[in-house]
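Chemist: Knowing the structure of chain P, use the given hints to seat chain B on it.
Spelled out from the first residue to the last, the chains are:
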Amino acid sequence: MNRKAAATIQPKPPRRLKHYLTGAIVVLLLWGSSVQTEATIGELVEGFPNMFDLLKEMFPPKWTYFDNIVGAMLETIRMAIVGTTVGALMAIPIALLCASNLNKSPWLRHSVRLILNLIRTVPDLLLAAIFVAIVGIGPLPGTLALSVFSFGLIAKLTYEALEAIDRGPLEAMTSVGANGVQRILFAVVPQIQAHFMSFALYTFEINVRAAAVLGLVGAGGIGHYYEITLGFLEYDKTSVIIVFTLAIVLLIDYASTKLREKLL
Amino acid sequence: MIKPWNTIAQKPRKSHYRWLIYTALAAVYIWAFAGIPFSGIKETAVMITKSIVTGILSPDWGFVYLPEGEDLLRGLLETVAISILGTVISSVLCLPLAFWAAVNMSGSRFISGSGKMVLSFIRAIPEIVLALMFIKAVGPGSFAGVLALGLHSVGMLGKLFADEVENMDKGPVEALLSSGANRLQILWFAVIPQVLPGFLSYMLYRFEINMRSATILGVIGAGGIGTPLIFALSTRNWDRVGIILLGIVILITIIDLLSGAIRRRLV
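Taken in order, these protein sequences are the chains called P and B.
Residue numbers 1 to 264, in UniProt numbering, belong to the letters of the first sequence in order.
Residue numbers 1 to 267, in UniProt numbering, belong to the letters of the second sequence in order.
It is worth saying that the hints were derived from the structure and are not from the lab.
Please note that a few of the clues may not be correct.
To be verified - In silico lysine-lysine, DSS-like type, Cα no more than 30 Å apart, as pairs:
no. : chain 1 : residue 1 : chain 2 : residue 2
1   : B       : 50        : P       : 262
2   : B       : 136       : B       : 116
3   : B       : 116       : P       : 56
4   : B       : 50        : P       : 156
5   : B       : 170       : B       : 116
6   : P       : 18        : B       : 170
7   : P       : 262       : B       : 116
8   : P       : 62        : B       : 136
9   : B       : 116       : P       : 258
10  : P       : 262       : P       : 156
11  : P       : 258       : P       : 156
12  : B       : 116       : P       : 62
13  : P       : 104       : P       : 156
14  : B       : 11        : P       : 258
15  : B       : 136       : P       : 56
16  : B       : 170       : P       : 12
What the hints assert, rightly or not - The following residues of chain B were derived to be distant from chain P, with all beta-carbon distances above 10 Å:
no. : residue
17  : 103
18  : 110
19  : 113
20  : 160
21  : 170
What the hints assert, rightly or not - Which stretches of chain B does chain P cover? Using the computed rule of at least three CB atoms under 8 Å from a CB of chain P, they are:
no. : segment
22  : 75-81
23  : 215-227
For each residue, glycine too, the CB sits at the ideal point set by N, CA and C.
Chain P with its partners taken away, still in its complex shape (with noise of 0.2 Å):
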């Protein structure tokens, strides 16, 4: 008789309690996201033909406007490069702190990580706005902006990398009696050198794109241009510089993606 039940009992299909209540959560959490910024399909319809008519006058780009710009173009290029190596400079003493085959003190190598993370939430444009208040209005605080930053990420990036480091050549350099400094130089360093000049290109070309828009906080690069520009209401020089910024990431991105692929 158990047998009989059992062949009668039908399989059920699995619970969609679940599905529905996330549903219903996403769902919620969507209305009350459009009513606090107040985002309407109303307003967007009635916004749409503004936009159009922003594009059309954006074209055709105002080329003799090049000239106005490459300076301050190059200026982006400088800041980048600059905060890009300061960064990784002060990453390096950081990341051999965190990396737990290199520092035994759990104590140390996590209150740094928690510090690391820290700074890593504060996005780059607000450090750069703070950098203003401190420094003034110029590349300076940009830079520093982008230093801060990059520091942040190449530090993150570099320790998880030394912590997947092969051990023998550390251990071989401990038995043969090296001292830290020895270990580092001839164990860890020649592992860790392409990763390292890896993270930092990459780390390179998120700062050019971040340079691009941090003259808009006062911070120097061509980001100023576009406030100047979009003021006057001249948005077909505004589209110039969006082309140009455009050409000169994607140019920078191409050489730098290449630059890795060989080094790793």
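Modeler: Chain B in isolation, oriented as in the chain P frame:
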């Protein structure tokens, strides 16, 4: 020929290009460092740094909640709302683009290549520039921020979604095709179940990035916590700067932890 044990191994020869590369690098660095004016720091710099640090250590707790509005909690809530809406809008917008850019969906390499190109162009325009333009269209406020994030995120999400679709297992699609399913049925029963966890995980990841972007949109007037922050910075209200920075750091840390936990369960 076997070498005797006591010969010294020769060092690998270095190429002559090396010096050329070093010289070029040195030139680039000299050019770059020469262009940044390291002098000209305001004399007040040390004092302001001190007041920012004391501001962070003694934050203006009264700003956390003000009955009449425009306080920290409402600003942070608006920031979260902007990034939620921006993420959802972009993940809807990027779906057709992602299938266009996925080589196993569009069929030819040429079509998928053009889709990838469109995505990388969208990605290259910074969200803050998009926000500036949307402010012209719909006026200042958080709605402009939502639209800017919604459009900018399409670039990255579309690329990640396309990769996910390309890495899909072909088996279920072929099985359905052989049993006579139409295109819609294939999409619904073979493609969607495979890519959905990946899509959701990427959406959450993008949401984390959008949270950071949303905190800065207010700097140009596109809503969120950035507006009171830039106001406090320009009026030199350091205690308020301190509490806002603290709020941003705590909020983003919490969001990262939450989203990371959900993503680990998804994939």
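Chemist: Hint by hint, say whether it matches the structure.
Modeler: Results of checking the hints against the structure:
Taking the CA atoms of residue 50 of chain B and residue 262 of chain P, the gap is near 45 Å; set against the 30 Å cutoff, the hint is violated. Taking the CA atoms of residue 136 of chain B and residue 116 of chain B, the gap is about 29 Å. The hint holds against a cut of 30 Å. Restraint check for residue 116 of chain B and residue 56 of chain P: satisfied, since their Cα atoms lie roughly 25 Å apart, inside the 30 Å limit. Distance hint between residue 50 of chain B and residue 156 of chain P is fulfilled; the C-alpha atoms sit about 28 Å from each other, no more than 30 Å.
The hinted pair formed by residue 170 of chain B and residue 116 of chain B meets the criterion: a straight-line CA distance of about 21 Å does not exceed 30 Å. A hinted pair counts as satisfied when its Cα atoms are at most 30 Å apart, and residue 18 of chain P with residue 170 of chain B qualifies at roughly 29 Å. Simply put, residue 262 of chain P and residue 116 of chain B have alpha-carbon atoms about 23 Å apart, close enough for the 30 Å limit, and the pair holds. Restraint check for residue 62 of chain P and residue 136 of chain B: satisfied, since their Cα atoms lie roughly 20 Å apart, inside the 30 Å limit.
For the suggested pair residue 116 of chain B and residue 258 of chain P, the alpha carbons sit about 18 Å apart, so the restraint of at most 30 Å is met. This hinted pair checks out: residue 262 of chain P and residue 156 of chain P have alpha carbons roughly 23 Å apart, not beyond 30 Å. A C-alpha spacing of about 23 Å is found between residue 258 of chain P and residue 156 of chain P, which places the hinted pair at or below 30 Å, so the restraint holds. For the hint pairing residue 116 of chain B with residue 62 of chain P, the CA-to-CA distance comes to about 28 Å; that is within 30 Å, so the pair holds.
With a CA separation close to 18 Å, the supplied pair residue 104 of chain P and residue 156 of chain P stays within the 30 Å bound. Of the pairs offered as hints, the one joining residue 11 of chain B and residue 258 of chain P holds, with about 28 Å between alpha carbons and a cut-off of 30 Å not exceeded. Under the criterion of a C-alpha separation no larger than 30 Å, the hint pairing residue 136 of chain B with residue 56 of chain P is consistent with the structure, at around 13 Å. Proposed proximity of residue 170 of chain B and residue 12 of chain P is supported: the alpha carbons are some 29 Å apart, at most 30 Å.
The beta carbon of residue 103 of chain B sits about 19 Å from the closest Cβ of chain P, which is more than 10 Å, so the claim that it is off the interface holds. Taking the minimum C-beta to C-beta distance to chain P, about 20 Å, the non-interface status of residue 110 of chain B holds against the 10 Å cut. With a cut of 10 Å on Cβ distances, residue 113 of chain B stays outside the contact zone with chain P, its closest approach being about 15 Å. Under the 10 Å C-beta cut-off, the non-interface status given to residue 160 of chain B relative to chain P holds; the minimum distance is some 16 Å.
Distance check for residue 170 of chain B against chain P: the nearest CB is about 26 Å away, which clears 10 Å, and the non-interface claim stands. Against chain P, the segment 75-81 of chain B contributes 4 residues with a C-beta closer than 8 Å to a partner C-beta. That satisfies the three-residue criterion, and the hint holds. Interface restraint, the segment 215-227 of chain B with chain P: holds (6 residues with C-beta to C-beta distance below 8 Å; minimum three).
When each numbered hint is compared with the structure, a violation occurs for hint 1 only.
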